[in-house]
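Residue numbers (my numbering), protein chains in the order written: chain A, 1 to 485; chain B, 1 to 196.
It is worth saying that the hints were derived from the structure and are not from the lab. For clarity, every value in this text was computed on a predicted model and none was experimentally measured. For glycine and all other residues, C-beta sits at the position ideal for the given N, C-alpha and C. Misleading hints may appear alongside valid ones.
[Claimed, not checked] Here are the in silico distance ranges between beta carbons for each label pair:
| hint | chain 1 | residue 1 | chain 2 | residue 2 | range |
| --- | --- | --- | --- | --- | --- |
| 1 | A | Trp362 | B | Ala33 | 38 to 48 Å |
| 2 | A | Val141 | B | Gly51 | 49 to 59 Å |
| 3 | B | Phe70 | A | Ser38 | 44 to 54 Å |
| 4 | A | Ile47 | B | Phe113 | 18 to 28 Å |
| 5 | A | Thr202 | B | Leu66 | 47 to 57 Å |
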Amino acid sequence: MKQFLEKEQLNEKALLSPKIRMEHVTNDVLAPMGRFPSLPWHIAFGIAQTMVLFFLVPVAYQMFIGLGKFGIMNPVGWGVYIVDFVFWVGIGHAGTLISAILFLFRQNWRTAINRSAEAMTIFAVMVAGLFPLVHVGRTWVAYWLVPYPAERSLWVTFRSPLLWDVFAVTTYFTVSLLFWYQGLIPDWATARDRAKNKFFRTVYSILSFGWTGSARDWNHYERAYRQFAFLAAPLVLSVHSIVSFDFAVSLIPGWHTTIFPPYFVAGAIFSGFAMVLTLLVVMRKLYGLEHYITLKHLELMNQVILATSLIVGYSYMSEFYIAWYSNHEYEQFQFLDRPFGVYKYCFWTMITCNVIIPQLFWVKKIRTNIPIMFVISIFVNIGMWFERFNIFIISLHDDFLPASWGVYWPTLWDISVTIGSFGVFFTLFLVFSRVFPTLAMAELKATLPSPSNGSRLHGHHESDDAHSGQEHGETKQASELAEVH
Amino acid sequence: MARISVPAVLGFYDDAHDLLDVTERARVDEKFANLDAYTPYPVHGLEDALGLKRSWVSTAARFALLGGWFLGFLFQSWTSAIDWPVNIGGKPFIAWPAWIPVTFEFGVLMASFTNLLCMFYACGLYPRPKTVVLSKRITNDRMVLVIPVKGDEEERRAVEFLGANHALKIKIIDGFDAQRQRLIFRATPMTGEVTR
C-alpha cells in the first residue's frame, strides 16, 4: 500500500508543485467563497444576466403566439432548438467523462479539474433540457413526456427513440448530480470547519451532512465513489448514443447511419473538453488557481481535444465514403449537398473549426500557449455547433422528393434564444464559481506529495529496528528536505 | 440502551505514511482494539491498516442495478403489451430491442440512488445544522489516530505508544462508543490534553 502512495505522488510531481501543502489547497480554494466578488466577476455576471434576457423574452413570446416565429417549416421541422439541445448535451459530456472514465483509468490529473467540469456538465444538461421543453410548444404539458398513470390510462410509447432520449437525458442529469454531490460532501465539511460565522457554519454543516472524515466513512465513501464511476462510465457513452438514435433510427438520408453513436460521443467529448478549457482558462486566472490548474493540465486537455478532433474528422470522412460506397442515390445527393449546396458555408465552417484548426495542437508551443488555446477552444465550440446544424438541417431540407424541398434559415428569434442559452449557462457557472468549492479539495490533497515523506517515523525506526540501506538513504533525503522547508 | 462509553487517546499526524505505519503498529504489534482514524482525504491502505471489512455499499448498488433492469423491462412490457396494447404497423407488442435503452438507463438510475443513499446510511450522514468534530483541522490538514482505551493502564500505554511514534500532538477524550465503534461527539467534550 505504501508503494501505491509513492507511485501516485511521482505521477503528480510533473503536474503540481511539490511545495503545495494541504493547508494551501484549503486556503486557496475556500478564499473566493469567503470574500466579496471582484469587479471582473460582476462585469461577467452582468453580461451573462443580460444574455439570459435573450433567452427569456423569445421563449415568453413563443408561449403566447406559438412556434411560428421560430423559422421551423416544412420540411425542416427540427430547427435551431434541436441543434442547441444536442450541442448542449454534447458540452455536458466532458464532466462525467473526466470524473468517471478518467478515474477508472487512474488519471490523477483529473483531480484539479473534475469539480468544475462536473458542474459545467450539470449546467450544460440543464440548459439542454430547456430546449425540448420549449420545443414541444405547449410547455405546460411537458410532463406528458414521462410515463405516469394518466386519467386516460394512456402510456408513452417505449418504441420511440424520442422517449429513450427523455430517459437518457434525465438519468444522466440525475446521476451526474448525485455523483457530483458525493464528491462535494468532504469539501463542504472543510468549508464548515473553516467558516467564520455561525450562519455559514450551519449552512455548510447541513450541506456536508455531518461529515467527519472517519476512516470507516471513507471506506464506504471510496467504495461508493468507485461504484458511481463504474455506473457513470457506460452512462456517459450511452447518453449521446441515445441522442444520436433520434436521428439514426429514422430513414432520412444523412441520418440513417450506424456510425452515429460513436461519432456523436466523440463529438460530445470534443466539444465538452473545449468548453471546459474555455471556462478553466478564465477561472484559474480570476480566482488565482494557477498552481492547481497548471499548464500541464491544460496541455493534457488539449491532447484530448486533438485526439477527439481526429476521431471526429475520421467520422466525417467515413460518412462520405459510405455515402459513395452505398450507391444509395439520396444518400449520395445528401453528401454532395453538404459541401456544395445552399449550406456550404456552414459545412466548411465545421470542417475548418473542428478538423483543421485543432491540428495546431500538434505543436507543443501552441498546446502550451494559453491565449492561443483559448481562441482554439472557442473555434471548436463554434465548429461543433455548426456540426449539429449540418447534420440536422441539411439532411431535412432536401430529402427525397424535390417537390418538398425547402430552405431553412434561423430567424432572429432563434439566434436570440441560442445566445440566451449561453447566458443561462454562464450565469449558473459564475454562481457556482462563487459559492462552491471549485476544486475537489479532498481528492487534490490525496495526490499531493507527503509533507515529511514519513521521515519522523523512519527516523525513529533507525534506533530500534534494522532497516535496509535504501530506506536509510530515503530518510536522509527527507530530513534534508524538511530542513529546507 | 445504554452506550458503553470509554475514553480514547488521539494522536495527530500530518502525513499519510506516518499514519499508515502507526496504525498498523497500533493494531498488529500493540493489539489495541477498535481503532479509528480521521483523515482529510481517503488514505489508500488505511482500511487494511485498521482491519476494516470491504464496504457493502457497492454490492447494494449492484443489486439495485439488476433490480432496476428487471423492473424497467417489466414495466415497459406491461404498459405496451398488457395495460394498453397499441398496434403500431403490426410490430410485436413486446418489441424488446427497442426497450434496451430505457431498461439500461432505469437500472443505472436506481443503482445510483441506492449507491448514494446506502453510503449516507452506512456513514450515518444526514443534514444536520450542527456537526461536532474531533478537531477542525481534520478536514484541513491533520490526520488523527483514535485509540479507545479501557483503563488507566491502557491509557498510559496508548499515550506512550503515540509519544514514541512521534505524534505531533496527543489528546485524551471521553466518549468512544466501543459498542458501535464510533465516537460520541455530542455527549462528551474533550477532557484532557497531553502536549509533548
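These are the hints, each one checked on the structure:
1. A/Trp362 - B/Ala33: 38 to 48 Å: 60 Å, violated
2. A/Val141 - B/Gly51: 49 to 59 Å: Hint holds: Cβ distance 57 Å, inside 49 to 59 Å.
3. B/Phe70 - A/Ser38: 44 to 54 Å: For B/Phe70 and A/Ser38 the Cβ distance comes to about 53 Å; the hint holds.
4. A/Ile47 - B/Phe113: 18 to 28 Å: 38 Å, violated
5. A/Thr202 - B/Leu66: 47 to 57 Å: Distance hint for A/Thr202, B/Leu66 is violated at roughly 40 Å.
This entry does not satisfy hints 1, 4 and 5, going by the numbered hints stated previously.
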